[in-house]
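Novice: Sequence:
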Amino acid sequence: MRRALILALAVMSAALLAACAQEKPELRPTRSAGEGAWYESTKAERHEYCEAYRAHDPQRPISIPTYASEESRDEFADDFYNVLKKKC
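Numbered per mature numbering (1 follows the signal peptide of the UniProt record, and there is no 0), the sequence shown spans residues -18 to -1, 1 to 70.
It should be emphasised that the hints constitute simulated quantities derived from the structure, not laboratory data. Worth double-checking, as some hints may not be accurate.
[Stated by the list, open to error] Here are the simulated DSSO-like pairs of lysine-lysine, each with C-alpha atoms no more than 30 Å apart in a straight line:
(1) Lys69 / Lys25
(2) Lys68 / Lys25
(3) Lys67 / Lys25
Assemble the whole structure, with the sequences as input and the hints as a guide.
Specialist: And the structure:
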């Protein structure tokens, strides 16, 4: 009886170790590049972005920050503008 219990514990431990050793799937980012740029900016920069967004002044355009992204510059600008719509 004792051998069966030890054998069962050994098998369960091996199964747990095998499950833990499996590669975890790559997680996709939950934020868009525009949101990433927003959260990476300082409070003063965010304030400046929102002021420019609210002003809609062509003489004072919104300065789009740089951020590592696979999107084109125009796609990123559109994404960042959508973030400003939500946040400002």
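Novice: Now tell me if each hint is right for this structure.
Specialist: Tested hints:
no. : hint          : verdict
1   : Lys69 / Lys25 : holds, 12 Å
2   : Lys68 / Lys25 : holds, 16 Å
3   : Lys67 / Lys25 : holds, 17 Å
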